[in-house]
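First to last, the protein sequences are chains A and B.
So my numbering is basically just the index in the first sequence, starting at one, shifted up by 468.
So my numbering is basically just the index in the second sequence, starting at one, shifted up by 1482.
All the given hints hold, so there is nothing to weed out.
Pairs of lysine to aspartate or glutamate, EDC-like flavour, derived with a Cα cap of 16 Å:
hint: 1; chain 1: B; residue 1: Lys1500; chain 2: B; residue 2: Glu1561
hint: 2; chain 1: B; residue 1: Lys1582; chain 2: A; residue 2: Asp499
hint: 3; chain 1: A; residue 1: Lys539; chain 2: A; residue 2: Asp499
hint: 4; chain 1: B; residue 1: Lys1582; chain 2: A; residue 2: Glu570
Since the hints were made in silico from the structure, they are not lab data.
Single-letter residue listing:
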Amino acid sequence: DQQVKQNSPSLSVQEGRISILNCDYTNSMFDYFLWYKKYPAEGPTFLISISSIKDKNEDGRFTVFLNKSAKHLSLHIVPSQPGDSAVYFCAASVWGANFGNEKLTFGTGTRLTIIP
Amino acid sequence: EAQVTQNPRYLITVTGKKLTVTCSQNMNHEYMSWYRQDPGLGLRQIYYSMNVEVTDKGDVPEGYKVSRKEKRNFPLILESPSPNQTSLYFCASSYRVGEKLFFGSGTQLSVL
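So that you can see chain A by itself, here it is in the shape it has in the complex (with noise of 0.2 Å):
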């Protein structure tokens, strides 16, 4: 059962232009939400993250945006730049303040190329 679905696994945009990225969940109990950033031949690097208090969170080119009733999340990258060619992996999990927090589970990733 994949609770954390990207159902894109590639996407090419031109430089310059908006990245989407995008990422379903099934589980409502899911509170906190990462995006993560993949290099050919590296470990995943954190790139943003967002609490189901919020419904956007900026930090510098990339907004990650929150959509609780749709259990909707995805991510935009503007302007998109050649760097930015990666796999993209969304995050999930729940903070229990009663019983402790989850683990995170993973997306099956999205490759981000951008065309020069």
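Fit chain B to the known structure of chain A by using the hints.
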């Protein structure tokens, strides 16, 4: 520098020959975990550890063992590797479970 170090980066072995992939973190993190990455399947958790001497199975634990004798180290052991364990492996750690994970650089394992 805060980091997760895993070794080796590349490993080629034969079926049945026991191997260990080491993982060490210098951030005093309680939580450590092993993942494997396969095409189309994303990152799948093998084993995790909530703290010293506390380990548990992840989503794909068959054929793997781990130990957590010290807080900083979390080795992955393949007692009798098989070709279906050919994969890219990542060790990761975080202060607590469910929080931002820090990943190692990966170990590309080929079992012939």
